[in-house]
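Top to bottom, those sequences are chains A and B.
Our numbering puts the first residue of the first sequence at 22, with every later residue one more than the last.
Our numbering puts the first residue of the second sequence at 22, with every later residue one more than the last.
It is worth saying that the hints were derived from the structure and are not from the lab.
Please note: incorrect hints may appear among the correct ones.
Listed next, the in silico EDC-like pairs over lysine to aspartate or glutamate satisfying Cα-Cα at most 16 Å (straight line) [to be verified]:
#1 B:LYS260 to B:GLU33
#2 B:LYS64 to A:ASP69
#3 B:LYS64 to A:ASP65
#4 A:LYS64 to B:ASP65
#5 A:LYS64 to B:ASP69
#6 B:LYS30 to B:ASP276
#7 A:LYS30 to A:ASP276
#8 B:LYS260 to B:ASP69
#9 A:LYS64 to A:ASP132
#10 B:LYS64 to B:ASP150
#11 A:LYS260 to A:GLU115
#12 A:LYS260 to A:ASP69
Quick list of the computed label-pair ranges, beta carbon to beta carbon [to be verified]:
#13 B:LYS30 to A:GLU193: 52 to 60 Å
#14 A:ALA26 to B:ASP132: 50 to 58 Å
#15 B:GLY116 to A:GLY90: 21 to 29 Å
Each residue gets a CB set at the ideal place from its N, CA and C atoms; glycine is no exception.
Protein chains: 2
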Amino acid sequence: MTATALPQKPAEVRQLIRTGAWRGVTSGVAPGHVQANLAILPKDLAFDFLLFCQRNPKPCPLLEVIEAGSVEPVLTAPGADIRSDVPGYRIYAEGQFSAEVPSLADHWTDDLVSFLLGCSFSFEQAMTDAGIELRHQTMGCNVPMYITNIPTTPAGSFSGPMVVSMRPIPREQIVRAVQVTSRFPATHGAPVHIGSPEAIGISDIDRPDFGDGVEVRPGEEPVFWACGVTPQAVALNSKPPLMITHAPGHMFITDQRDADVAVL
Amino acid sequence: MTATALPQKPAEVRQLIRTGAWRGVTSGVAPGHVQANLAILPKDLAFDFLLFCQRNPKPCPLLEVIEAGSVEPVLTAPGADIRSDVPGYRIYAEGQFSAEVPSLADHWTDDLVSFLLGCSFSFEQAMTDAGIELRHQTMGCNVPMYITNIPTTPAGSFSGPMVVSMRPIPREQIVRAVQVTSRFPATHGAPVHIGSPEAIGISDIDRPDFGDGVEVRPGEEPVFWACGVTPQAVALNSKPPLMITHAPGHMFITDQRDADVAVL
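Can you build the whole structure from these sequences, using the hints too?
Right, dumping it as structure tokens:
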């Protein structure tokens, strides 16, 4: 089943994922609804990770935290099951990738806490609606991402540099790009940096650390937003005994609409 | 020493508090700087309380969390000591008030986690700057506060109704009041309700549950904001073995400026 043939309602898409009828990349699926990055950690690390997210809201915008012993995101997707409703999971042991699995049926324990974090799809839609081109979409590739020299604020065992995504913006649209993304603090919000990549420790804009390089044309500046790869990188850096995430591009689809998480 | 004779810098005021040279109500002190409500809980309740705040950002806007074993608010007031720099503390045992003390020297243990939460002073200044009268200030009394039928989102042992503060606003200024307070999500943000007190379970607007009643004049509507009494009430309701708060009106003065915590 192609993404365009899927139902529009998040609950119906999640049902197809749960039964295994569809398990694809979620870009463009259930349009207008908020999608989430997933990070699952053992309970004894949960306070420190929650505090890390609270201290670093731009890279780690919390949509919901599901407490140990529960699997239902009651606030953002009532009726869903976090063990089965994400189209792909990755398991990490001691910070090392160990397996990619279609369900957590064989991996779940009652001491796991699940964190749902905003992703950039919501603000990218707002930019598109505002007439701002997204170069990586035009080029049909992944957004470029870079490890910067911007430190995050540590919490417990969690610390490390901020990872950012980059979108080239024509100079006359930069103010508008700041305005429209500022409305979405739950999905990374306003940029963290505009212009000079060197100033934030990026030596070669054409060679991103993750994703694909995109062209920055004359009259454009590279604009950088905090990226949801940050919490995953920081968490794995601390080598937790177990950590589970979504597989890249395979997000959890919530019932919330983009408008629900927008401010002003 | 009167409040107007105090130094303007937060660090200098905190030094006077620490030495006992001044320990008054902090309204109007170090103008333009963010003041904070204080809640201190044992470490084993800290995850649930942090999660409660994350789920209820309007009544519980977190400015900073000081981890167990530390007493310095490194993000909002570097060099300060949370045990000595608040002008008055209240100790609660099993949810019952037991003492008001000038310092925590005799009460501190290394398993206590301190939560600094935004208070309404910042957005009240923004309203005053916008030409909106604050009736309780005009009348020289405390803002009226009410227990509502609006539920908070529970976390662990923490649950209970939202407490709100009320300010009467002329109808032609209500939109502006929403706009200016929306800029301060770190200090309760936009109103939670406009008009009809009955709709949120308030039977008699003239008899607040806390604070003082104020006049609502013809042409005005009562406008309600989430109140920082909520987290304290909810926490005490769960009867923690120990909880420490600031004494009413005796806030912690951070180094942050109102402009630092404003959005847009």
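Which earlier hints can't be squared with this structure? 1, 10, 13
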